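Chemist: Read off the chains here:
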Amino acid sequence: MTPSDEIGAASVPSPSSSRPSPLPPSGRAEDRPGEVLLEVDKLTIRFGGLTAVSGVDLRVRAGEVYAVIGPNGAGKTTVFNAITGIYEPTEGTIRFAGRDVRRPWKKLLVAAWLGVGLAVALLMLLFASNIDGAWTASVKQNFRGRELGFDPGRAWSDAVAYVAARPRVEQAGGRYYPTTHDGSRAFGSFDDPFPAWELLAALEVLAERGSEAIVARAGGFVVLDRDGVAVGRPFAERARLDELVGPAREAAAGARAARLTRAIVFTLALLLGVGGAYAAWRQSRRTPAWVAGHGIARTFQNIRLFQDMTVLENVLVGMDRHIGKTAKWWAPHRFTNALPPVALGVLLVGLSATTAELDADPRVPTALFALFALGLVGYLVWTALLGAFSRRDLGVEAEAAARARALLAFVGLEDRAGELAKNLAYGDQRRLEIARALGTEPRLLLLDEPAAGMNPAESLSLMELIRAIRERGVTVLLIEHHMRVVMGISDRISVLEYGRKIAEGTPEEVRSNPKVIEAYLGKEELG
Amino acid sequence: METLAQQLILGVTNGMVFALIALGYTMVYGILELINFAHGDLFMLGSFLALTLIKVFDLPTASSATLLLALPTIAVACAVFGGALNWSVDRLVYKPLRSAPKLAPLVSAIGVSFIFQNLGLFWGGLPLFGSAKDASAQKDVPALISNVNLLGEGAHLRITTKDLMVIVSSVIVMVALYVLVRHTRLGKAMRATAQNPAAARLMGIDVDRVIGATFVIGGGLAGIASVIYALYINTVHYQAGFQNGLYAFTAAVLGGIGNIPGAVLGALVIGVVRALCSQYIGAQWEPAVVFGMLILLLVFRPAGLLGSHVREKV
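Chain order of the listed sequences is L and H. Its first residue numbered 1, the first sequence is counted upward by one per residue in the numbering used here. Its first residue numbered 1001, the second sequence is counted upward by one per residue in the numbering used here.
The set of hints was computed from the structure by calculation and includes no laboratory data. Predicted, not measured: the structure shown is a model, and the values here were computed from it. Idealized CB from N, CA, C, for every residue including glycine. Keep in mind that a hint or two might mislead.
[Claimed, not checked] Per label pair, the in silico range of CB-to-CB distance:
id	chain 1	residue 1	chain 2	residue 2	range
1	H	Pro-1287	L	Phe-335	45 to 55 Å
2	H	Ala-1084	L	Leu-123	30 to 40 Å
3	H	Ala-1005	L	Ala-343	35 to 45 Å
4	L	Gly-488	H	Arg-1098	35 to 45 Å
5	H	Val-1080	L	Ala-343	16 to 26 Å
6	H	Asn-1147	L	Leu-344	27 to 37 Å
7	H	Ala-1084	L	Pro-340	54 to 64 Å
Next up, chain L with everything else stripped away, as it sits in the complex (with noise of 0.2 Å):
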């Protein structure tokens, strides 16, 4: 047992310089070999006019190592952008387990949220203001008795009026009714459209601003508003004007109440309507991340580790979004652990506050007792930031490190963990970037050209690690160009040259496709 594998060591066994060692069980859901994991359709990826991949189909089957080759070019890495959602197909589908990877399409989605909560908005604002009523009002009072006929724009117009609860002029039977948001005519009737209008225009003043004053002007008597302004035509009676501004004054305070249940409801209804639609999106979104967290992992051609980390850091960046998940911010134990000290800061102040006035003079004292204030204050956030934000109590962090040296156990690096990544040789950051891919605990594991760059002896562990990898559950899809690799431990081989796959089978079948030797060697002149 190394002496750098104190967390780890109850969980693995001291691993032998050549075999990989085995891994704790990992806590996924473990796959049927031989079903199809990956299914690749179709896929054609176009960057403006250049067509990168066209029309390619992969089959990947749990429990298989499967291999794409191809001259340099072909669009092997493209495909994998693609799977990973770097790249949004331009056209075909990528399914994994059942479900498809695209990526959709961002400002088309921020147009339908907004469609649908617009929706979700007008539906809720028709039910909050009665449908009935918003159809007569625009529709069928249109059609009544009208000399031109039906109009867009009036019934639009009386819609709009309707749903804002303001008053407006119905005909029935030749007579004009000035009518209230809630249908009622009050107000009596008209022959004539023109004083319903006046009407009309006045108990639209009136339930904006309230009426002050009924006062006899010069042609009758006349409705003055709160800033004294006539509101309206003189009437001749004075009964008749008191007989309408009562009715006025409550159908104006029952027009402002309605108005804003709908503008409330109607808001509502928009937040809640973006807000579903949002959340159904983020529910079924794959951008790389979402692929990431739910079992693709991958390498990358040229390697990219987070360099200025240590090596078991690393690992532990992969593996952090998928242990401890459960540990959520508003979950019980990050408020009860931050009780004590809130508490106890809260109990000191008061203190502090009903037994000393410290205002009186004595320089050190005061100095002192800032002095232990603050400290005491910044120790206090401190503990209760910890109880809050830290996963330690939680075990999270210990299991998620002792996960982390196992991980690099596996792949022979135990005693580099504390090492920077860009202080690792090529073959070990290559390692490593393996480490990292697996500690997000992936079904299906990307590698890109893992043996670039090595030399056979490097490839021949290599080899060692795919196949443990392998036998631990884990689905491998590799790009590579080492036929020594490809050959000797795939299951399966896709051939791709400009684009579009050419062959497809087992290496032996492959090896003597005499397409895949074309693409490879040239083709022979004859003659």
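Chain L is fixed; fit chain H onto it per the hints.
Modeler: For chain H alone, kept in the frame of chain L given last:
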């Protein structure tokens, strides 16, 4: 000797305030390679909020015990304000430009900086601060923290409660930040995103959320710095963000932009150099000496004091 020690104390105290602002520059640069020119003005808006809260709650008449409770509360309020504002700016202005050429968000940052300055000017014109004609004038912050010498009034060296407040509270904030970045999941995700966003995405890290968190933390630090600054310098001005932001930015570059301990080191160096310069050379030479030092450093060590040379990505 005593003058030297005195200037060192002054320099460290000033440097601490610069450091808190510089951290915001350096964190955002580390993760986005964007120089957030609006950061200094965010700091200025924070100090306006602090002054407003002090006036609204009438703190000059409050007892020490109340102050002890109220000032941390104001600091938290300003931190929340700064964090929320910075996050919103990222969402509204920088995020849509994430895939645009680097110059586009940079110029937008300058635009946001002007918007913030004008907000500050508007804020200063509110009736709370007197007549609107004085909108551009310097606003006095009441002296809430005593300026008595902790070593006794007769002593040759002055360390006041104020100095202590600045140093202790900044150190608390910096240690908290260090722990956050070193030892939490979010911190690991932030470092991973800064070092290789493409790989971070494929480790399951939601890069946009991490960037948002960085803006919140940077803005929060600026908010806390603004309270400390208002209580220490006792003035607030709508252009204060420009000058302090410039020094803080210089500090971030001096220490190695993108490097968190570097920003603190750079700020302390600038604070001390300014203090020594004003004592021994002359206050009017301060900017010349500081920026001259920056030029020299960049000539001989382009990555800054603690920065590492960035290799060209293949």
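Chemist: Run every hint past the structure and note whether it holds.
Modeler: Hints versus structure:
{"no.": "1", "hint": "Pro-1287/H / Phe-335/L: 45 to 55 Å", "verdict": "49 Å, holds"}
{"no.": "2", "hint": "Ala-1084/H / Leu-123/L: 30 to 40 Å", "verdict": "33 Å, holds"}
{"no.": "3", "hint": "Ala-1005/H / Ala-343/L: 35 to 45 Å", "verdict": "41 Å, holds"}
{"no.": "4", "hint": "Gly-488/L / Arg-1098/H: 35 to 45 Å", "verdict": "43 Å, holds"}
{"no.": "5", "hint": "Val-1080/H / Ala-343/L: 16 to 26 Å", "verdict": "22 Å, holds"}
{"no.": "6", "hint": "Asn-1147/H / Leu-344/L: 27 to 37 Å", "verdict": "30 Å, holds"}
{"no.": "7", "hint": "Ala-1084/H / Pro-340/L: 54 to 64 Å", "verdict": "29 Å, violated"}
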